[in-house]
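Colleague: Sequence:
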Amino acid sequence: MAMYLWLKLLAFGFAFLDTEVFVTGQVPTPTNGFSLTTPLPHLSQQPNLQTSSARGADTQTLSSQANLTTLMPDPPGASGEMTTLGTVPADTALPADTLTLARNSSAALPTHTSNISTTDISSGGNLTTTAPATLSLATTGLLSTIATTQPKPTCDEKFGNITVHYHYNSNNQVFEAELKSDGTHKNPCEIVGCKELENLQQCSKGRFNLSDSSCTPAKIIELDVPPGRENFTLHDCTKPVNANTTICLKWETKNLTCGRGKLSYRFHCDNGISNYSQINLRDLEPQRTYNCATEILYNNTIVFQENKSVETDLGTPKKPLNVSCKNVRENKTSVTWTHPASLLHGYYLCSNKTKSETCTKLAKNATWFEVNSLKPYTYYHVSLYAYVVGRVQRNGTAEQCFFRTKAARPSVVRNMKVIRKQENVISVTCEPPSEINGPEKSYILEVKSGNSLFKNFKHPTCKFEVDNLYYLTEYTFLVSFHNGEYQGEAVAKNQSTSYNAKALIIFLVFLIIVTSIALLVVLYKIYDLRKKRSSNLDEQQELVERDDEKQLMDVEPIHADILLETYKRKIADEGRLFLAEFQSIPRVFSKFSIKDARKPHNQNKNRYVDILPYDYNRVELSEINGDAGSTYINASYIDGFKEPRKYIAAQGPRDETVDDFWRMIWEQKATVIVMVTRCEEGNRNKCAEYWPCMEEGTRAYRDVVVKITEHKRCPDYIIQKLNITHKKEKATGRDVTHIQFTSWPDHGVPEDPHLLLKLRRRVNAFSNFFSGPIVVHCSAGVGRTGTYIGIDAMLEGLEAEGKVDVYGYVVKLRRQRCLMVQVEAQYILIHQALVEYNQFGETEVNLSELHSCLQNMKKRDPPSDPSPLEAEFQRLPSYRSWRTQHIGNQEENKKKNRNSNVVPYDFNRVPLKHELEMSKESDPDSEESSDDESDSEETSKYINASFVMSYWKPEMMIAAQGPLKETVGDFWQMIFQRKVKVIVMLTELTNGDQEVCAQYWGEGKQTYGDLEVVMKDTNKSSAYILRTFELRHSKRKEPRTVHQYQCTTWRGEELPAEPKELVAMIQNIKQKLPRSCPEGMKYHKHAPILVHCRDGSQQTGLFCALFNLLESAETEEVIDVFQVVKSLRKARPGMVCSYEQYQFLYDVIASTYPAQNGEVKKTNSQDKIEFHNEVDEAKQDANCVHPAGALNTTQEESRAAGASEPTSGTEEPEHSANGPVSPALTQSS
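Our numbering applies: residue 1 is where the sequence shown begins, and numbers increase by one.
It should be emphasised that the hints constitute simulated quantities derived from the structure, not laboratory data.
Note that the structure is predicted; figures quoted are calculated from it, not measured.
Idealized CB from N, CA, C, for every residue including glycine.
Where hints are given, some of them may not hold.
[What the hints assert, rightly or not] With a cut-off of at most 27 Å between alpha-carbon atoms, the simulated BS3-like pairs for lysine-lysine come out as follows:
#: 1; residue 1: 595; residue 2: 686
#: 2; residue 1: 493; residue 2: 463
#: 3; residue 1: 686; residue 2: 646
#: 4; residue 1: 953; residue 2: 965
#: 5; residue 1: 375; residue 2: 421
#: 6; residue 1: 332; residue 2: 361
#: 7; residue 1: 455; residue 2: 493
#: 8; residue 1: 361; residue 2: 1130
#: 9; residue 1: 239; residue 2: 318
#: 10; residue 1: 712; residue 2: 1072
#: 11; residue 1: 375; residue 2: 646
#: 12; residue 1: 180; residue 2: 152
#: 13; residue 1: 550; residue 2: 570
#: 14; residue 1: 1005; residue 2: 1072
#: 15; residue 1: 318; residue 2: 417
#: 16; residue 1: 1060; residue 2: 1020
#: 17; residue 1: 448; residue 2: 458
#: 18; residue 1: 308; residue 2: 262
#: 19; residue 1: 981; residue 2: 1070
#: 20; residue 1: 981; residue 2: 941
#: 21; residue 1: 319; residue 2: 262
#: 22; residue 1: 803; residue 2: 493
[Said to hold, decoys possible] Quick list of the computed label-pair ranges, beta carbon to beta carbon:
#: 23; residue 1: 454; residue 2: 434; range: 27 to 35 Å
#: 24; residue 1: 901; residue 2: 1020; range: 32 to 40 Å
#: 25; residue 1: 321; residue 2: 360; range: 16 to 24 Å
#: 26; residue 1: 892; residue 2: 844; range: 39 to 47 Å
#: 27; residue 1: 1139; residue 2: 1020; range: 32 to 40 Å
#: 28; residue 1: 700; residue 2: 628; range: 23 to 31 Å
#: 29; residue 1: 844; residue 2: 1020; range: 32 to 40 Å
#: 30; residue 1: 454; residue 2: 584; range: 29 to 37 Å
#: 31; residue 1: 246; residue 2: 562; range: 31 to 39 Å
#: 32; residue 1: 844; residue 2: 450; range: 15 to 23 Å
Turn these sequences into a full structure, and let the hints steer you where they fit.
Modeller: Now the structure itself:
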């Protein structure tokens, strides 16, 4: 009975063990047991993988009667079976490294144990045990002797609800595996103990054996670690254009190496769900936030979750309200509207009349805009729409209004022709005006005889036939156009009727009857004989005269208000209209005799055999000692605009005629000489040097003594003050001003018509009412001489009458001296100068008048109108895209531009050669060795830099953008190749977070190909940092020194903070620059100064303008801000583009030269660059400076430069027909 009870208690204990497992913190500590830290098998990467108690315990505590079950890894080369379980007595303590059982051991297995073993782990990890792996028993004895009365369930059934869950550690990018139950059973920790495997690498694989003494066989749980979170990116895939009504989210994977087919996704958003990797939400409301929860599942188990809030973009604005076009006039209208009830950032207002459309961007608070520059009596429609700018710009629906401008006065009729069809019948035809400007079309013809109206007609077409006119009467025919509301200006032409043939016959018959036949025959014979004898030459000359006059065209004078439009029309199509006009003017009017110039004793006084003065208006000198040839000089009187004999046009004096030239100056009482040539051009003598040099002082020319008192050199001209006296006359000396223009190439034209307007101002400043004629001469005295006279006279006419007749005046010039205005380009230049003056007016200001003038220019009268200074700035041409920019916009060069809107023009970009030519190695700094001799687009590299003309024009400046990191080497190569002496840096290296210039210098030596750059010295001042560099080329002998000025007071703002310090820096920079180029030096693109900012325009343009203005103020005591800025805009885009910068230039000059007692006080004189007088040094005359020239001299001009070979010494005169040809025409922009 006692034995039966004992057995019953023992069975009860086994039943208890079969259902109960100790959890963490509940395992009693045995008094006679042992503690053992059992290492887990080495999985693959973690050699120290350990089994521990839950969450950090290092050992397991086992009962004294329990057996320890140990998992062993498969030995190398073993099969994929599970490891064998073994038992170790509880009272035996073994070190961890001795717990090794043989594979397939036959040791007795304990029957009541719950074990988890791990096999086939592909990535290492730590297994943490939170409950004992072997159950503790209080009863001793052999457990194997108790028999089970019923079959055990399978472990798959018992643990079917247990799964593996993974937790990701984003800091270490590893996983932790944990067993979890689905809730239908108890917590798995209460059944099998909580197990965790830590430090698992993503995409690793393995398996668990989950067993218990109450089930068999063990459950195999596969370990499949998902990929890490860093392999997934939640991407906003919404297209910007649809971002206002749609949202797109998408999971994207990268570097994914496993489990791609086991992944699945879920999206739960406010307006939809998706079980795919991407969700698209449509028909959403603009500018609203939507929330989305998304999950990534691996093997249908959630591994990652994320919440995302996305806001839709701004919606399309509504169309403007109450759009109307009011106050419609001939050329403008006003558009008004009210704001729509929606968000907007601004408006676009577009107007068009045909296919072309012009749009203007307006501010968001605008409710009114005036559309200008419309054509009269033309239908227009105006479209207005609002826009917002979010992820993209969204334009609202346009609201339109339609209108037609009012009628205006039509232009004049064209191509009016008056033809005599019969003796007293005249036909009048014309073409419609270019601008009708009204609803109807009719022509009005008025026929006047003298001042009285004879007849008038009105007809829908311009075809009139006027008959019954009086015979032998001159009539004036005036045709005007009427458009229904306004009548245009009339065009007038004269025509005479012929005699009545019938009446003449009757008269002759009557005369024959009344007069005796004999007397009639005698008288007729006498009359006929006398006529033949006396008028034979006259008849021949009349025939020639009729031929000369017949080829002339009927060219109407041009009114000032249509001067620009007329010029554009005539210059179009390669200037064919200009060419036709010019070629219609006879080179020589043969009706005027040329006898005196062809006499043998005068022929040697002519420079060219075919450019001779007419007899009737040549300048006659006083006779000397009865010498008939002493009265001749190759010079002609020329009439000005309504002023007879205002000029004397003369050839350049030869050595044989210098005495005669000064005799003419004395006898004609001339006080101004305008010389528009150099003594030598293209190695050819063009004019003798007929004045003394400063070193010589005085020189006698027969009876006239010439003394030079002052010599002043300017970039485009030289002014010399002379005093002349006559040995045989007691009259006091006479002051003569000699002005030599040095920027005019032979047979060509200056680069800018403004230069001639500037020359005219200088000449007129020295001329006065009591002076004699203005003497103008070049080499032959016809081409450039005629051009200057034509400009001066036509400007007088433009100022006096508001119109010009260039064609008529050039014809008049040719009637007074042959070949005046020698080539077509000079004829066009006269028009260009008139257009320049008419468009821009006088913009030059004397320093003495600057302060008072600037005050008046800033005043607004009335306050609503722009000030004169603002109006002057608005007249500046923008020159946008006026030249090609192909090189800078090539695909491989776009990345070299900091600003896509500031790309250098092709004609003046700075090219870089790939390799330097070493032909001048012995003299690397020689001015004759040009590094740009072989520059071409095909062989040169690209850098964002442009040549900019400096005040002293043979020397140039370079305007460049701040170099990029990848263009620093090219930047230094440009400095070396262009012989740069000074670098001016106007920015910091960065502006906030944005780089504006790469640091192109450093401590020590920097190497860029064959070029070494070493920074030698650094000095700091309050306004700038001065660095000194030494450049050495491996193929050059001598190093070069370059100075860099970095302005520190100009920190990204539009205007400098300290203008006075900027002026001081410029004055200091001048000391580092070389003196003006030697006279007669060949023109090269050498740039002693390089200026750069971020884009090479914003600050660079302002600096270059100020630099040139300061030079002009110091040298000439005048400034012309308008022309300086205009020149810079033509050289590079974006130069001086704001009114604030324009006004800043005036203000800085005014503050630099303050007025005291009515006079200008100059700054420190030591800052002024002095230019040596090199007159007559080594025969390099002060007037023999090679011109700066236009950057693009045509080949025709180059050929023409060698056309007319002048005579020298006693050589015979040459024929000018060898040369003067019309240069190629280029259409002005």
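Colleague: Hint by hint, where does the structure go against what was stated? Just the numbers, ascending.
Modeller: Failing hints, ascending: 4, 5, 11, 15, 21, 31 and 32.
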